[in-house]
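Protein sequence lines correspond, in order, to chains A, B and C. The first sequence begins at 1323 in my numbering and counts up by one. The second sequence begins at 1323 in my numbering and counts up by one. The third sequence begins at 1323 in my numbering and counts up by one.
Please note that a few of the clues may not be correct.
Since copy identity is lost for identical chains, a pair holds within one copy or between any two.
Cut-off 25 Å, straight-line C-alpha distance, at most; resulting in silico cross-link-like pairs (SDA-like, lysine to any residue) [unchecked claim]:
#1 1606 with 1367
#2 1370 with 1599
#3 1370 with 1620
#4 1639 with 1655
#5 1645 with 1617
#6 1639 with 1652
#7 1515 with 1624
Keep in mind that the hints were calculated from the coordinates and are not lab data.
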Amino acid sequence: MATPSYSAAELAERFGLELHGDGAVQVHGVGTLARAQPGQLAFLANSKYRNQLAQSQASVIAMRAEDAAGYPGTALVARDPYAAFARMAALFEPMPEYPAGIHATADIAADAHVDPGAHVGAFVSIGARSRIEAGAVIGPGCVIGEDCVVGAGSRLLARVTLVTRVRLGSRVTVHPGAVLGAAGFGLAMDAGKWLNVPQLGGVVVGDDCEIGANTTIDRGAIEDTVLEEDVRLDNQIQIGHNVFIGAHTAMAGCAAVAGSARIGRYCLIGGAAGVLGHLEICDKVMVTAMSLVTHSIREPGEYSSGTPLMDNRSWRKNAARFKQLDALARRIGRPERASED
Amino acid sequence: MATPSYSAAELAERFGLELHGDGAVQVHGVGTLARAQPGQLAFLANSKYRNQLAQSQASVIAMRAEDAAGYPGTALVARDPYAAFARMAALFEPMPEYPAGIHATADIAADAHVDPGAHVGAFVSIGARSRIEAGAVIGPGCVIGEDCVVGAGSRLLARVTLVTRVRLGSRVTVHPGAVLGAAGFGLAMDAGKWLNVPQLGGVVVGDDCEIGANTTIDRGAIEDTVLEEDVRLDNQIQIGHNVFIGAHTAMAGCAAVAGSARIGRYCLIGGAAGVLGHLEICDKVMVTAMSLVTHSIREPGEYSSGTPLMDNRSWRKNAARFKQLDALARRIGRPERASED
Amino acid sequence: MATPSYSAAELAERFGLELHGDGAVQVHGVGTLARAQPGQLAFLANSKYRNQLAQSQASVIAMRAEDAAGYPGTALVARDPYAAFARMAALFEPMPEYPAGIHATADIAADAHVDPGAHVGAFVSIGARSRIEAGAVIGPGCVIGEDCVVGAGSRLLARVTLVTRVRLGSRVTVHPGAVLGAAGFGLAMDAGKWLNVPQLGGVVVGDDCEIGANTTIDRGAIEDTVLEEDVRLDNQIQIGHNVFIGAHTAMAGCAAVAGSARIGRYCLIGGAAGVLGHLEICDKVMVTAMSLVTHSIREPGEYSSGTPLMDNRSWRKNAARFKQLDALARRIGRPERASED
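The shape of chain A in the complex, shown without the other chains (with noise of 0.2 Å):
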């Protein structure tokens, strides 16, 4: 692979972002501000790191207008320059290259449909009336039951499982390991053994979600789980039985969501974060990392639980005392209602 380079210039006009100093200058990499090399694309989202200019070596940075009035070097200036960093990073990004054609290899069963466009590598299985849509990638060792969709332009890289009624939208990105479609965890109790509830709903990934390595999404018991449109889950994380998740949601790594909750549109749910089932919670909210969301929540903002961290001697004096909160409180008397949740 020839490293691609552009000139500052170039990069400007593609990207509609102002230039200030030298357009001829060279990038055929990326690097982070205080470590760039010449050569090399940089950017100053965070007035914080404003220091870091001076010094740095990267040859082009994107920075706010702000940032850019007295820089000496040459500058792409840009209103979100994260955004318009990423933009220009995925240039440099080396892409595996993934030929339509169906590797000689695959498992399909006679019913199943790859178009002529698709990918499908190597020890890939696909099961009956499956069907794979234009442009889509089937990465090596992935598992595809029945009656699945995958979309045109997704992409499911290497080992992931579909396991039946799984339907992903257009331009899906799955990571390896995850498993989408398992049967959720309905359980009954009967004579003293369990009696599994049959799962025969199905799984509904909207468009533009991304699907985290090794996460999970069971298929609904009845109705099917719902992914609406551009929904980002990270790595490790669990969603429950007809769970629902709106639009733009985003959920950081090993979050866990039971079985029936109802997650709002542009919530950010942080890591290792859980929700009980059968929830509601309304748009934009924000859960911070390793909360536990054990009612429904109607107001958008930012909620948590838990306690702080302390040096462990401190800490086992004071969790002693949480045993003892509500003794202690009688003690006192009726706090101010003010400062009640």
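Starting from the known structure of chain A, arrange chains B and C on it as the hints suggest.
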């Protein structure tokens, strides 16, 4: 696949339920009480949803005798309508076929034994001295190492790994991505470097257990890691080496159990709950979601840890006070004994 | 496989231990102190279990000099009996054979390089420009993408994915289901939709590291995600992009580290503990299970967050008071300084 169809009278007879109303009504699928269409079977298990009965379009509804009393439509009366529904719904579940035989691509050790009545799918590896019993299903992409047993009628749906010395009983279901029998996390610090402690034990899984997608169960250090019969593990659970889990215990997604913990029978471990190592939990203990079990539990009942969810501003104020709790308590003096744990 | 057998005298000589008692006693396996059978080797590392010595059926026991003093049986005296046991137990571990060579089914890019002394198993994919060094083991079902290196003697046991730009040092062990080098979770909100920030870095893993089953380590955004040598990660751990983990640090199952956090050497991170992004943790820090590290740690020592486990009724009463904590504290007035963190 032709859609199966059953009359209410057929269902009543087949499942030993009492029929109220028109026995000739046909159902060919299932729905929720609120959204079922004509021709579908629904259920009413929780009297809280009784007000949905009047509007429900379901053709047949499983419910308790007291709910059926004034219901003008067709009801199937059961003491446990949810369990009755679960049994009936299985009639409508499309099941993939697993014909007996070994896929041409499978790679099976010369001294492994596969029963002629077992199904072995595409891209499966089976290692030395392993045994696959009658009616077992080894789905596509599974890897079975050395000295494993997959009991009669057990199903590894796809991309399951049994690393080594894993013995599954009969009718065990393992969902995709699960890894059983990886080396336990046994380390000794030796001259400033970690030394691996060999993990010589195995994993023993009883009849009728279910292991969720991407769940991991490590093999024992010296003795085995053990699940008794009918243990139900949801997705993304981590079970450390030498853990023992009693029969009929169920754990929700993302729970984690550290090495050598011993959990009783009929326990319910909530989602993302943790159990420290070398503890004992007696029978019939329920641990709520995201709680951490830090000491042995000797009395049946429900246990919890954690703090309530609050808006972030309130949470910050209260959480900061948690660090002063011991000092505050000292000021107040000794609380009454009654409210302590 | 013939069972190996060793005399106590042979073990003493081979591992540099002091022999007490009958050197001719043979052992052909290992057991726990409490349940070993005659012919087995056990160990006593924690004097708390000293009372089990008298009843132990083990033929040979590794123990400290002070415990061996009055012991009438055969003892192997070690300063660290657990480490001595670990070394000896390795003699009895049945190890699968990994003959050098490439399995007929493996799918290897034309410009990838596999050392003739490496083992490549069934259904393995190796991508462009990747290199597998001498003595490396690539177990069945592994997928290795582009520009990866698997160093000498490293082992990917089965179904491991190295997505792209992952460089493993020598003698690294990766357990099944692990995914290294997936794209970090880098998003920019742009006109109401998420924009992916290209993840151009890689993952660098030092010599002698161990990566647990279903653990995920994302590749860096611009620079690399780095594990120094001898880092030990248990199962189901999530490591975000651009994290740095110092040598000899160990993390228990389900821990999660957010992007750009920097963790020192010889740290111990407990199970299901979390570390927020962009923090620094110095050397020799221990974080207890399920604690959340929300700020940088600059002093070695043990750190915790969370509340104690209680019966649910007591917990509900006390947890409700947590919401009033600030109000209660205001009533009491300023606590003494001494007990604050």
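Structure-based check of all given hints:
In this assembly of identical chains, the alpha carbons of residue 1606 and residue 1367 lie at most 25 Å apart only when taken from the same copy (23 Å versus 34 Å across copies). Taking the closest pair of Cα atoms, residue 1370 and residue 1599 come within 25 Å of each other only across two copies (17 Å); inside a single copy the shortest separation is 40 Å, beyond that limit. For the homomeric pair residue 1370 and residue 1620, the shortest alpha-carbon distance between copies (22 Å) is at most 25 Å, but the shortest distance inside one copy (34 Å) is not. Within a single copy, residue 1639 and residue 1655 get their C-alpha atoms as close as 23 Å, and across copies as close as 15 Å, so both meet the 25 Å cut-off.
In the homo-oligomer, the alpha carbons of residue 1645 and residue 1617 lie at most 25 Å apart both inside one protomer (23 Å) and across protomers (15 Å), since each shortest distance falls under that limit. When the C-alpha separation of residue 1639 and residue 1652 is checked against a cutoff of 25 Å, the pair qualifies both within a copy, at 20 Å, and between copies, at 11 Å. For a Cα distance limit of 25 Å, the shortest separation of residue 1515 from residue 1624 across copies, 20 Å, qualifies, whereas the shortest one inside one copy, 42 Å, does not.
Violated hints are absent here; each numbered hint is respected by the structure.
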